[in-house]
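The task is simple: from the sequences and hints, build the whole structure.
Heads up: the sequence lines are chains C and Z, in that order.
Residues 0 to 406, numbered by numbering that gives the first Met the number 0, are exactly what the first sequence covers, in order.
Residues 0 to 239, numbered by numbering that gives the first Met the number 0, are exactly what the second sequence covers, in order.
To be clear, the hints were calculated from the coordinates, so they are not data collected in a lab.
Owing to the predicted nature of the structure, the values given are computational and were not obtained by experimental measurement.
C-beta: ideal position from N, C-alpha, C; glycine also.
Any given hint could be a false lead.
As the list claims (entries may be wrong) - So the derived label-pair ranges between C-beta atoms look like this:
{"#": "1", "chain 1": "C", "residue 1": "V336", "chain 2": "Z", "residue 2": "A182", "range": "50 to 58 angstroms"}
{"#": "2", "chain 1": "C", "residue 1": "S399", "chain 2": "Z", "residue 2": "Q20", "range": "34 to 42 angstroms"}
{"#": "3", "chain 1": "C", "residue 1": "V336", "chain 2": "Z", "residue 2": "N183", "range": "47 to 55 angstroms"}
{"#": "4", "chain 1": "Z", "residue 1": "G35", "chain 2": "C", "residue 2": "V15", "range": "48 to 56 angstroms"}
{"#": "5", "chain 1": "C", "residue 1": "R12", "chain 2": "Z", "residue 2": "D213", "range": "31 to 39 angstroms"}
{"#": "6", "chain 1": "C", "residue 1": "F340", "chain 2": "Z", "residue 2": "S155", "range": "48 to 56 angstroms"}
{"#": "7", "chain 1": "C", "residue 1": "Y389", "chain 2": "Z", "residue 2": "Q25", "range": "29 to 37 angstroms"}
{"#": "8", "chain 1": "Z", "residue 1": "H95", "chain 2": "C", "residue 2": "F340", "range": "55 to 63 angstroms"}
{"#": "9", "chain 1": "Z", "residue 1": "S155", "chain 2": "C", "residue 2": "E371", "range": "28 to 36 angstroms"}
{"#": "10", "chain 1": "Z", "residue 1": "A83", "chain 2": "C", "residue 2": "L3", "range": "28 to 36 angstroms"}
What the hints assert, rightly or not - Residues from chain Z that face chain C, not an exhaustive set, calculated with beta carbons under 10 angstroms:
{"#": "11", "residue": "G65"}
{"#": "12", "residue": "T92"}
{"#": "13", "residue": "V97"}
{"#": "14", "residue": "N105"}
{"#": "15", "residue": "Q123"}
{"#": "16", "residue": "Y219"}
Here's the letter readout for the chains.
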Amino acid sequence: MDTLVLLFNLSLRNIVRYRRRNFFLFAAIAVAVGGTTLSNALIRGWQVDMLETAVSALTGHIKLQAPGFADDPGLDKAFAADPDIQLGGSVALAGVALRINLPAVISSERETRGVALVGINPAQEGISFYRDFVFEGQALTGSADGRLVIGKALAETLQTRVGRRVVVIVEDADGKSRERGYRIAGVFDAPIQWPEELLVFTGLQAMQQSLANSRLPTPVTEVSLVLQEEENRQLVQRELASKHPELVVTDWRQMSPQIAEIVDIVDATMAIWFVMIMGALTFGLVNTLIAAVMQRTQELGMLRALGMSDRLLLTQVVLESVGIMVVGVVFGLVLGVAMVFGLGDGIDLSSFSESVEAFGMSTLLRPVLNLEDLFLFGGLSVLLGLLASYFPARRALKISPLMAMNR
Amino acid sequence: MTEFAENAKATAPVVECRGVQRIYQQDSVPVYALRGADLTIHAGEFVSLAGPSGSGKSTLLNVIGGLDAFDAGSVSVGGVDLAALTPAQLAQTRLHNVGFVFQAYNLIPVLSARENVEFILQLQGVASQERRSRAEQALHSLGLAELGDRRPGELSGGQQQRVAIARAIVTEPVLLLADEPTANLDSKTTSELLAVLRDLNQQQGMTIVTATHDPIVMEYTSRQVTMLDGEIRQDGGVAA
Ligand SMILES: Nc1ncnc2c1ncn2[C@@H]1O[C@H](COP(=O)(O)OP(=O)(O)O)[C@@H](O)[C@H]1O
Ligand SMILES: [Mg+2]
Numbered sequence: 000m001d002t003l004v005l006l007f008n009l010s011l012r013n014i015v016r017y018r019r020r021n022f023f024l025f026a027a028i029a030v031a032v033g034g035t036t037l038s039n040a041l042i043r044g045w046q047v048d049m050l051e052t053a054v055s056a057l058t059g060h061i062k063l064q065a066p067g068f069a070d071d072p073g074l075d076k077a078f079a080a081d082p083d084i085q086l087g088g089s090v091a092l093a094g095v096a097l098r099i100n101l102p103a104v105i106s107s108e109r110e111t112r113g114v115a116l117v118g119i120n121p122a123q124e125g126i127s128f129y130r131d132f133v134f135e136g137q138a139l140t141g142s143a144d145g146r147l148v149i150g151k152a153l154a155e156t157l158q159t160r161v162g163r164r165v166v167v168i169v170e171d172a173d174g175k176s177r178e179r180g181y182r183i184a185g186v187f188d189a190p191i192q193w194p195e196e197l198l199v200f201t202g203l204q205a206m207q208q209s210l211a212n213s214r215l216p217t218p219v220t221e222v223s224l225v226l227q228e229e230e231n232r233q234l235v236q237r238e239l240a241s242k243h244p245e246l247v248v249t250d251w252r253q254m255s256p257q258i259a260e261i262v263d264i265v266d267a268t269m270a271i272w273f274v275m276i277m278g279a280l281t282f283g284l285v286n287t288l289i290a291a292v293m294q295r296t297q298e299l300g301m302l303r304a305l306g307m308s309d310r311l312l313l314t315q316v317v318l319e320s321v322g323i324m325v326v327g328v329v330f331g332l333v334l335g336v337a338m339v340f341g342l343g344d345g346i347d348l349s350s351f352s353e354s355v356e357a358f359g360m361s362t363l364l365r366p367v368l369n370l371e372d373l374f375l376f377g378g379l380s381v382l383l384g385l386l387a388s389y390f391p392a393r394r395a396l397k398i399s400p401l402m403a404m405n406r
Numbered sequence: 000m001t002e003f004a005e006n007a008k009a010t011a012p013v014v015e016c017r018g019v020q021r022i023y024q025q026d027s028v029p030v031y032a033l034r035g036a037d038l039t040i041h042a043g044e045f046v047s048l049a050g051p052s053g054s055g056k057s058t059l060l061n062v063i064g065g066l067d068a069f070d071a072g073s074v075s076v077g078g079v080d081l082a083a084l085t086p087a088q089l090a091q092t093r094l095h096n097v098g099f100v101f102q103a104y105n106l107i108p109v110l111s112a113r114e115n116v117e118f119i120l121q122l123q124g125v126a127s128q129e130r131r132s133r134a135e136q137a138l139h140s141l142g143l144a145e146l147g148d149r150r151p152g153e154l155s156g157g158q159q160q161r162v163a164i165a166r167a168i169v170t171e172p173v174l175l176l177a178d179e180p181t182a183n184l185d186s187k188t189t190s191e192l193l194a195v196l197r198d199l200n201q202q203q204g205m206t207i208v209t210a211t212h213d214p215i216v217m218e219y220t221s222r223q224v225t226m227l228d229g230e231i232r233q234d235g236g237v238a239a
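Here it is, written out as structure tokens:
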């Protein structure tokens with residue numbers, strides 16, 4: 000223990016002794032680690048944003064539906080939201096939304112389009128992109144509001160506007176089409192395009208009452224859940240599935256498999272990127288450390304001549320290399336975190352707006368710092384420092400005590 | 000010869016070399032650095048190894064100190080047969096039984112004089128308080144009490160060599176080996192350092208072997224050995 004303190008002290012002083020050379024090494028490590036931290040924060044931000052976009056598209060982290068509804072949606076596959084859906088125990092929820100979501104045909108005096116008619120309780124839609132809609136005219140006032148809100152793009156196609164009437168046809172529980180007139184309360188502008196074209200909303204309670212033929216008093220076709228922590232997804236999914244065997248419980252990965260795929264690829268890409276950068280850096284570190292050992296051949300030879308054991312000699316070289324790595328990594332993490340905070344609200348991508356939206360992203364790229372990432376990069380870097388010290392350590396062991404001699 | 004050395008002769012020798020050969024292969028040409036050297040050193044002796052450059056002085060010291068291997072003959076130090084030891088055991092022997100003073104690069108540049116002296120005790124596993132007091136004492140006995148906090152770079156050549164001697168004796172070795180310890184010093188400092196070694200030998204009975212090509216060294220030693228072409232040519236007044 001005592002000896003370890005001494006060796007640590009010795010390594011530290013040797014690092015300070017060659018401060019000019021080590022400064023460049025620190026700088027290289029710091030820039031690499033800092034740059035990786037920043038780019039990873041941006042990639043993570045993109046990932047989080049993509050997930051958020053996927054989840055907010057009326058999916059939620061987890062959705063409950065009747066069996067067969069996904070393939071053949073219809074009111075015959077509605078279920079009762081009462082008694083209350085038993086929610087995932089101790090796991091904290093961000094929100095729950097009950098909905099009726101049915102295929103429908105909407106007609107103005109001029110045009111007809113296929114859409115989805117969604118009955119919602121606006122108070123519950125803080126978990127979906129509905130919260131981000133900007134309305135012209137009025138938003139739905141509540142679950143009992145029997146008016147309709149439609150997207151701006153759809154309003155243009157239908158050549159209609161706020162205050163006009165439209166006709167919506169849906170299939171009732173008995174399989175017969177029901178036609179109903181609605182007044183347009185408001186026209187919404189959504190952050191992404193497709194909901195404007197394909198979704199129309201009305202109050203859930205009003206819709207339940209208008210579907211007189213339903214065999215249930217308060218039918219819904221889906222319950223959508225958003226969790227505080229996405230990681231709890233599978234736990235909640237299992238729990239709900241066992242409590243509601245009559246329903247199908249799916250998670251966002253099953254509902255948006257392409258996005259799940261991209262999220263996974265991003266994880267892998269980050270790891271590869273990190274390994275490549277730090278790998279290149281490790282070569283530089285190995286080089287410098289070998290040079291450092293050779294530069295001190297006589298000094299190390301003297302230590303061996305005095306009777307320092309192989310083990311202690313190795314420990315000294317390893318401590319020095321890990322020491323250099325740790326200092327560089329700490330500077331790098333600080334630098335990276337500072338840059339992330341420097342970016343503040345993120346990078347505005349609105350000039351690429353069209354193509355960016357096509358990727359399912361919003362136009363502001365917000366960096367996201369993930370503590371786990373930071374620990375992982377820090378830990379892996381130190382591990383690399385340890386591996387890098389293998390070569391100089393081997394070199395140091397080859398130094399014979401005779402090399403302390405005055406030849 | 001001192002009284003101490005006279006008495007010690009009765010006991011086992013500190014160093015016993017018999018027919019030691021050391022052959023280096025240089026570009027596959029054998030170089031005979033030692034061609035059968037015989038040398039016996041008793042406790043309390045202060046021996047100078049003289050001889051022209053290339054005569055094998057350093058090689059003999061290195062073999063005795065367990066720094067270099069040998070190809071034939073036998074070497075024992077403090078009663079231990081060096082041929083039987085593994086490299087790790089040789090390192091232990093050096094650490095505990097032999098003190099070294101080299102021509103240069105004796106000290107660890109990033110440690111102070113005191114830390115340099117304490118360092119070797121730390122390698123031996125001596126507890127910190129004892130380390131402290133023994134290092135202070137060794138520095139004091141070499142007139143370095145005031146300089147303990149200085150790093151090697153802040154000391155003169157003579158002071159550095161005295162720190163090296165302090166480090167060599169702080170472990171109380173059976174033998175002190177010094178290879179050209181004065182080669183980098185001016186004549187005044189050389190005399191001072193040799194006086195230090197002589198005092199060490201006469202007052203503490205330290206057994207010392209020093210290699211040198213400087214004739215002045217022989218004025219301080221109790222026994223003068225001369226080498227030539229890898230052999231002992233002359234031992235004391237007697238031709239070997
Ligand atoms: N590592 C070595 N490789 C080859 N030859 C060596 C080596 N060490 C010493 N020698 C040779 O051995 C002989 C004795 O050298 P050395 O013991 O250093 O002499 P001295 O110290 O008396 O000057 C010289 O001829 C020297 O060139
Ligand atoms: Mg020599």
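Hint check results:
1. V336/C with A182/Z: 50 to 58 angstroms: Since the Cβ atoms of V336/C and A182/Z sit about 55 angstroms apart, the hinted range of 50 to 58 angstroms holds.
2. S399/C with Q20/Z: 34 to 42 angstroms: Violated, since S399/C and Q20/Z (Cβ atoms, about 19 angstroms apart) do not stay within the stated range.
3. V336/C with N183/Z: 47 to 55 angstroms: holds, 52 angstroms
4. G35/Z with V15/C: 48 to 56 angstroms: holds, 50 angstroms
5. R12/C with D213/Z: 31 to 39 angstroms: The hint (31 to 39 angstroms, Cβ to Cβ) holds, given that R12/C and D213/Z are roughly 35 angstroms apart.
6. F340/C with S155/Z: 48 to 56 angstroms: holds, 53 angstroms
7. Y389/C with Q25/Z: 29 to 37 angstroms: holds, 32 angstroms
8. H95/Z with F340/C: 55 to 63 angstroms: About 57 angstroms separates the Cβ atoms of H95/Z and F340/C, which means 55 to 63 angstroms holds.
9. S155/Z with E371/C: 28 to 36 angstroms: With Cβ atoms ~56 angstroms apart, the hint is violated.
10. A83/Z with L3/C: 28 to 36 angstroms: With Cβ atoms ~32 angstroms apart, the hint holds.
11. G65: holds, 9 angstroms
12. T92: holds, 8 angstroms
13. V97: holds, 8 angstroms
14. N105: holds, 7 angstroms
15. Q123: holds, 9 angstroms
16. Y219: violated, 21 angstroms
Violated hints, in rising order: 2, 9 and 16; the structure is consistent with all others.
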